[in-house]
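Peer 1: Sequence:
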Amino acid sequence: MKDTLEYLKVPGFPAIERVQLETLQVNLGYLCNQQCLHCHVDASPRRTELMSAETIDVLIHFIKKQKIKTLDLTGGAPEMNPNFRRLILSARDMGVHVIDRCNLSIIEEPGYEWLVPFLAENFVEVVASLPCYLEENVNAQRGEGVFEKSIKGLKKLSAAGYGQQDSLNLNLVFNPQGASLPPPQHALEQDYKKVLLEKYGVEFNHLFTITNMPIKRFGSTLLSKGEFDNYMKLLKDAYSEVNLESVMCRSMISVDWQGEVYDCDFNQMLNLKSVFNNDMVNLKDLMDYDFSNSPIVVMGHCYGCTAGQGSSCGGAL
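Okay, so the sequence shown: first residue is 13 according to the numbering used here, each after it adds one.
It is worth saying that the hints were derived from the structure and are not from the lab. Any given hint could turn out to be false.
Claimed, not checked - Simulated pairs of lysine to aspartate or glutamate, EDC-like, Cα-Cα distance not exceeding 20 Å: (1) K205 x E160; (2) K76 x D297; (3) K245 x E18; (4) K167 x E121.
As the list claims (entries may be wrong) - Pair by pair, the computed Cβ-Cβ distance ranges are: (5) E34 x K211: 32 to 42 Å; (6) K14 x Q270: 22 to 32 Å; (7) E253 x L146: 33 to 43 Å; (8) D105 x K245: 45 to 55 Å.
Since this is a predicted model, take the numbers as computed values, not measurements. Every residue, glycine too, gets a C-beta built ideally from N, C-alpha and C.
Build out the structure end to end from the sequences listed, making use of the hints.
Peer 2: Encoded structure:
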């Protein structure tokens, strides 16, 4: 796989700072039951990296000390970490809002029959990957048979009340299949809702459109096809300054499976660690740190979050 880091060292992206820390986004490991073409994490069933129980303990302590409002769990498939349930229960006991970034097909894997009831009982928000409502497009991007599993997973979430009750939020995620920006989020959301309800009886709350980042597996594919420079030009030409006000990194930090701290999930995949007091640090060293006005490490991929309608883990900005 070709590394894109050197190609992202382009000048011009403005310096930005964190406003305050509200969200802790945690990558529980790169192990996943899928291997998607657009995956910026390079997750797969072959990966072995998983956050340890000791690091989970550090997370729980940090959440309490820093009064974190939202715990955003990602992977890989975060549910495949053996400490997934313990972490969620601890966070919910502290009144923290928890998000599970679920690929849906994990719900259908043997041994995960507990997942939907557990999420519903603990009022965990589910943000689920479904890059298209057409079967052939999803399978082309994520693997044969994934769409069918995803629909079955959505139906189980729906049967548990997700997408229909205010306390059980189900949001879907759209990623473009190629080197293009996502279409307008609201219009695409209406298409998704119409098709999924009419064909499969599935309801959900919102659709999040997320721009593909030119890093890891997707970035390597762009380089191999000779499309990297054109894609970067597309992102830079569509840059919108207004999006800087609400980019996700201004109110969150990202933590990898070893407890190392980054400004966002994308910086994590590029190994661009956050710098506090001129030191690259682990979460355990930041229990009492004041994150307000701390600098954010930026590079060329940041144009992906600020292009067009903007992009974040919560969709368009």
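Peer 1: When you take the CB atoms of D105 and K245, is the distance between them in 45 to 55 Å?
Peer 2: holds, 49 Å
Peer 1: Could you check the hint for me, namely that K14 and Q270 are 22 to 32 Å apart, CB to CB?
Peer 2: Given range 22 to 32 Å: holds, Cβ gap about 24 Å.
Peer 1: Checking one constraint from the list: CA of K245 to CA of E18, max 20 Å. Satisfied?
Peer 2: Holds, at roughly 16 Å.
Peer 1: Between the beta carbons of E34 and K211, is the distance compatible with 32 to 42 Å?
Peer 2: holds, 37 Å
Peer 1: Checking one constraint from the list: CA of K205 to CA of E160, max 20 Å. Satisfied?
Peer 2: The given pair, whose Cα atoms are some 17 Å apart, holds under the 20 Å limit.
Peer 1: K76 and D297 were given as a pair; does the straight-line alpha-carbon distance stay at or below 20 Å?
Peer 2: Distance of about 15 Å is within 20 Å: holds.
Peer 1: Does 33 to 43 Å hold as the CB distance between E253 and L146, or does it fail?
Peer 2: holds, 35 Å
Peer 1: Assess, step by step, whether the Cα of K167 is no farther than 20 Å from the Cα of E121, and give holds or violated.
Peer 2: holds, 15 Å
Of the numbered hints listed earlier, not one is contradicted by the structure.
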